Amino acid sequence: MTDLSVANSANKPAFDVAAIRQDFPILAQQVNGKPLVYLDNGASAQKPLAVLDAMDRYYREMHSNVHRGAHTLGDRATTAFEGARETVRQFLNAGSTREIIWTRGTTEAINLIANGLAPRLNEGDEILVSRMEHHANIVPWQMVAERTGAKVVPIDITPEGDLDLDSFNRLLGDRTKILAITHVSNVLGTVNPVAELIQKARARNVLTVVDGAQAVPHYQPDVQALDCDFYAFSSHKLFGPTGIGVLYGKARLLEDMPPYQGGGEMIERVSFEKTTWNTLPYKFEAGTPAIAEAVGLGAAIKYLNGLDRAAMEAAERSLLERANQLVETVPGMEIIGTAKKKVPVMSFKIAGLHPSDIGTLLDQQGIAIRTGHHCAMPLMDFYGVPGTARASFAFYNTMEEVDQLFSALQKIQRLFA
Amino acid sequence: MTASEQDFKNNPLGTKTTLEDVTDAFEFLDDWEERYAYIIDLGKQLPAFPDDARMEENYVHGCQSQVWLIHHYDEDTGKLYLLIDSDAMIVRGLAAIILVALNGKSPRELLTTDIDELFEELDLFRHISPTRGNGLRAMVSKIRDIAAAQAA
Chain F
11 MTDLSVANSA
21 NKPAFDVAAI
31 RQDFPILAQQ
41 VNGKPLVYLD
51 NGASAQKPLA
61 VLDAMDRYYR
71 EMHSNVHRGA
81 HTLGDRATTA
91 FEGARETVRQ
101 FLNAGSTREI
111 IWTRGTTEAI
121 NLIANGLAPR
131 LNEGDEILVS
141 RMEHHANIVP
151 WQMVAERTGA
161 KVVPIDITPE
171 GDLDLDSFNR
181 LLGDRTKILA
191 ITHVSNVLGT
201 VNPVAELIQK
211 ARARNVLTVV
221 DGAQAVPHYQ
231 PDVQALDCDF
241 YAFSSHKLFG
251 PTGIGVLYGK
261 ARLLEDMPPY
271 QGGGEMIERV
281 SFEKTTWNTL
291 PYKFEAGTPA
301 IAEAVGLGAA
311 IKYLNGLDRA
321 AMEAAERSLL
331 ERANQLVETV
341 PGMEIIGTAK
351 KKVPVMSFKI
361 AGLHPSDIGT
371 LLDQQGIAIR
381 TGHHCAMPLM
391 DFYGVPGTAR
401 ASFAFYNTME
411 EVDQLFSALQ
421 KIQRLFA
Chain Y
31 MTASEQDFKN
41 NPLGTKTTLE
51 DVTDAFEFLD
61 DWEERYAYII
71 DLGKQLPAFP
81 DDARMEENYV
91 HGCQSQVWLI
101 HHYDEDTGKL
111 YLLIDSDAMI
121 VRGLAAIILV
131 ALNGKSPREL
141 LTTDIDELFE
151 ELDLFRHISP
161 TRGNGLRAMV
171 SKIRDIAAAQ
181 AA
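Protein chains in written order, with my numbering: chain F, 11 to 427; chain Y, 31 to 182.
Please note that the accuracy of each hint is not assured.
Unchecked claim - Examples of chain F residues lying across from chain Y (beta carbon under 10 Å, computed):
no.	residue
1	162
2	365
3	369
4	371
5	374
6	397
As the list claims (entries may be wrong) - Pulled from the structure, derived: some chain F residues nowhere near chain Y, Cβ distances all over 12 Å:
no.	residue
7	71
8	373
9	409
Everything labelled a hint here was simulated from the structure, so no lab data went into it.
Quick caveat, the model's predicted, so the values are computed rather than measured.
Beta carbons: idealized from backbone N, C-alpha and C, even for Gly.
Use the sequences and the hints to build the structure in full.
Structure, rendered in structure tokens:
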């Protein structure tokens, strides 16, 4: 794999899933009288104690507003908050913390980019996305296209769920101004060859935006190696708190973009004659930020840094392999998305059953999955399904849980037979 | 196919299959598998739904599955008859329970029936609670709106 770097795992303890599960207190509970099997990580991942403790400690010992500098608590809060930004910078291997913007999540990050790039778009310009995008990487571009006369053009995918590279090569043309592509599909689990796409786009001076929401829980991206212009992700899928996310952007592009929202923090000087903007990253951070959440996200990344990432990826691969092997034990079950390179996400259907039936009856057995369109309606249309059932695994899931999922599915299948 | 008055009146749910039948049956169901097998069977009693009634005005929004609902008010007897369809089996079964409680009643009777209490009693409340996005709540509101309009 060329587009995803793996952290050095030397001198780290071996991967012990039982020990790791101790770090996630929420997992040790019963649901409907059965031990909880949480397989909805693609929607939102659970939080380790390190995150809960960091946020608790922040509020108990250091909370104050940031960047005010008049007292000790303010200094502590600012140090913790900016320390988290530095942790994120290292996680992404960005060149500078000026390039790390806090947002509410991936969705807000993409809206911010779309809004910021709007002045560069003209009638007839094209924004390339793919058919496997989450609505968050379609709708903001459609809104900007509406304003500017630009067009949103989808890259085709293959029936297996791989990006159709011929379609990409065909569509990438003189009118293409922006390539906005998901790193990993939330429905199919497909890992897109983003490094290759970015390289081709850059050769034509096309700006590149990567939706990393589903990638970061499984891989550590290196934004300098990828050479993307923008990369966005959400904290809550990366085992951190909800309500915060990250936009990485190249400094020279961010400098050039107009602010997204106006208010406190984002200004240098305000007067009724002329208001000037603060420097990066603050220009894009109007209002009091989500301080405790930033601290929590920093703690989540540090927690992940303490794990053996290579072993983690291997464990996740084993979960998916096991699941793939068991598909044939459930009559009528079919996987949607069989790309060559996948994260442990399994969308499926079972003949004769509606996804909501599957979800309801798995919940009865303590198993949490997601059902529905997964905010990817164009992809549902492509596969001609109203929705899918999706089991999405995290590194804290076990082989036993995969087996439990399949014995539960067999039971459901018998119930309807 | 268009629904005739007879189609509405032939719906066994709430007429031949009564609320008492359902609550009695539930008492003898031991585990979740038996309970859901019974719910799925109830769903199979939903009469065929006329294809030409699958239009926007009869669509119940807020469901993961597709849900359709039509009604017929019998001026002579003052009773309201309902037909429901869904492509999800569990939703069909839960809709059947709603019909058993509400179908073929006068709008006033219908409006005084507490569906939440019934679902609570059957230990199915979570399915109808506002936190579940399966549209049962929307289904019940739509029926109550229809009844309220007739009663007015």
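Hint check:
{"no.": "1", "hint": "162", "result": "26 Å, violated"}
{"no.": "2", "hint": "365", "result": "7 Å, holds"}
{"no.": "3", "hint": "369", "result": "8 Å, holds"}
{"no.": "4", "hint": "371", "result": "6 Å, holds"}
{"no.": "5", "hint": "374", "result": "5 Å, holds"}
{"no.": "6", "hint": "397", "result": "6 Å, holds"}
{"no.": "7", "hint": "71", "result": "35 Å, holds"}
{"no.": "8", "hint": "373", "result": "9 Å, violated"}
{"no.": "9", "hint": "409", "result": "25 Å, holds"}
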